[in-house]
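Student: If you read the sequences in order, they're chains A and B.
Take the first sequence: its position 47, counted from the start at 1, is 47 in this note's numbering, and no numbers get skipped.
Take the second sequence: its position 193, counted from the start at 1, is 193 in this note's numbering, and no numbers get skipped.
These are computed hints drawn from the structure, not numbers from a lab.
Among these hints, one or two may not hold up.
Here are a few chain A residues that sit away from chain B, every Cβ distance over 10 angstroms (derived from the structure) [what the hints assert, rightly or not]: (1) 10; (2) 14; (3) 25; (4) 43; (5) 85; (6) 87; (7) 95.
Straight-line Cα separation of at most 25 angstroms, PhoX-like style, residue types lysine-lysine; simulated pairs [unchecked claim]: (8) 60(A) x 26(A); (9) 64(A) x 224(B); (10) 37(A) x 179(B).
For glycine and all other residues, C-beta sits at the position ideal for the given N, C-alpha and C.
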Amino acid sequence: MGCTVEVEVENGRVKEVSGHKCPRGKEWAIEEVISPKRVVMSVIKVKDGKLPTVSVKTDKPVPKDKIPELMKLLAKIEVKAPVEVGQVILEKPLNLDMKVVATREVDSA
Amino acid sequence: MYDTIIIGGGPAGLAAAVKAKKLGLKVLLLDENEFLGGILPQCIHPGFGLHYFKEELTGPEFAHRFIREINELNIEHYTNAYVLEIENYSDLEKKVVFSSPEGVKEVWGKTIIYAAGARERHAFEIGIVGDRVAGIYTAGEAQTLMDIYGVMPGKEVVIVGSGDVGLIMARRFALEGAKVKAVIELMPYPGGLARNVMILRDFEIPLYLSHKVVEVRGRKRVEKVKVVKVDENLKEISGSGFWIECDTLLISAGLIPNVKLLKKIGAQIDPLNGGPIVNELLETTIPGIFVAGNALLINDLVDYVAEQGELAALGAKEFIENQGIPSRKWIKLKRGSNVRILAPHYISGERDVYIYARVSRPMENVRVTFPEIRKELRLPVVKPSEMLRIKLKAEEIQKAGKEITMEVEKGEV
């Protein structure tokens, strides 16, 4: 599973990529070097639910340097039960082109 | 009388229940938790389902797909149902006794699919001594607290073990603003999948390979832990000890198949897998009792756990239709060099089978061979952390005599 890709960078520009076994690997490696991104997951508070939290994720990877700010935002949010899987919790948080969606179902208490 | 009683509502049990129902069996699913899904609802990170659903899901999403089917198919199930006893009356009569909020109940099934998962190894099992204070958790306990109940277990964390669970919890703690001071790994290589080892770099978390935590000190709560370096025989190097200050020690030292009830009724256990001895339909040495998921062997991908659940369901159906699995000329699958974990243990050659295996030590440029059937595969790298899943075709298996050996060797350059 997976492969080890080498990316050669000169003056902030990608010079050469080697070791990838598919085009996706090449794209990913370039992005990882130039502007790394990660899908962010957390839990947020739920009011009047069977569980006190609901798990959430971003529907697209977030630039790594925005992650701490996004986590702080998520820590402040609360939703009311019931929550459905896929329910949009936030649209375009921090003006990023993405959504924060619920990944767990939480019934009303 | 149920056709099959499934014990455990995690991914193996859910997949088994859905498959068994679709095969026309009368199914009962029992789970001890308040909600179905096993540990999946607390595994909120992505990376699940790439093989099974061909898309990347989080743990709760993966579970949700199956739970929806359980409801749509009206599969009878109990939550808060803790199984106390399995009683094996005859091949086609098995009693399951469980406690539930309505009291102790008894149910009868022709077959049982045991999908009770695994438990975590704890601090005492890995030789950590010192003060018995607050702040020592297994990784899964901390995950339950954080991701189900929204409670932060600590602020400054040392993690024992660089397996997937430990690494994923390192990320969770770091994301939530805690300081992960170190991950301590006994072996000279990291224990988790490559994609999870990357987490350490993401959050600049130091990894100490060939090290172990030996002592905990604290008054009411953990205050510091002692770490020592080990040599190639995993023996402590004297004078190498140092202390790391922290308020939380997270133990992520591997999983052990939960086979307590199976052992009690005499199912043969494989000492190296920790799970039961099984044939290609995942039937244990007790006729009509099947096993799937981490109760069989510790898997690294949930996709394979679901696959095993479905296979056990097929086994249950075959068992019921034939009043028992017809006795076959079983071919024994044997461990050769650098093979530590291997299942199933017996195969017939009547169908294609997937075999699951783990190596003992990492190796590059590898030849995986099955000499008796002249099968050979080449792999660039094998690691103990990454389970191998290899398909043996029926016609290949038929070439064997009494046994087939799996060997993992260095390939010639």
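Student: Decide, hint by hint, whether the structure agrees.
Tutor: Evaluated hints:
Remark: the non-interface label on residue 10(A) is consistent with the geometry, its nearest Cβ contact in chain B lying 22 angstroms away (cut-off 10 angstroms). Annotated as non-interface, residue 14(A) keeps its C-beta farther than 10 angstroms from every C-beta of chain B; the closest such distance is 19 angstroms. With a least CB separation of 13 angstroms from chain B, residue 25(A) remains clear of the 10 angstroms interface cut-off, as annotated. Taking the minimum C-beta to C-beta distance to chain B, about 5 angstroms, the non-interface status of residue 43(A) is violated against the 10 angstroms cut.
The Cβ of residue 85(A) sits about 5 angstroms from the closest Cβ of chain B, inside the 10 angstroms cut-off, so the non-interface label is violated. Once the 10 angstroms rule is applied to beta carbons, residue 87(A) is consistent with being away from chain B; the minimum gap is 12 angstroms. With a least CB separation of 21 angstroms from chain B, residue 95(A) remains clear of the 10 angstroms interface cut-off, as annotated. Simply put, residue 60(A) and residue 26(A) have alpha-carbon atoms about 19 angstroms apart, close enough for the 25 angstroms limit, and the pair holds.
A hinted pair counts as satisfied when its Cα atoms are at most 25 angstroms apart, and residue 64(A) with residue 224(B) does not qualify at roughly 31 angstroms. Pair hint residue 37(A) plus residue 179(B) holds up; C-alpha atoms about 21 angstroms apart against a cutoff of 25 angstroms.
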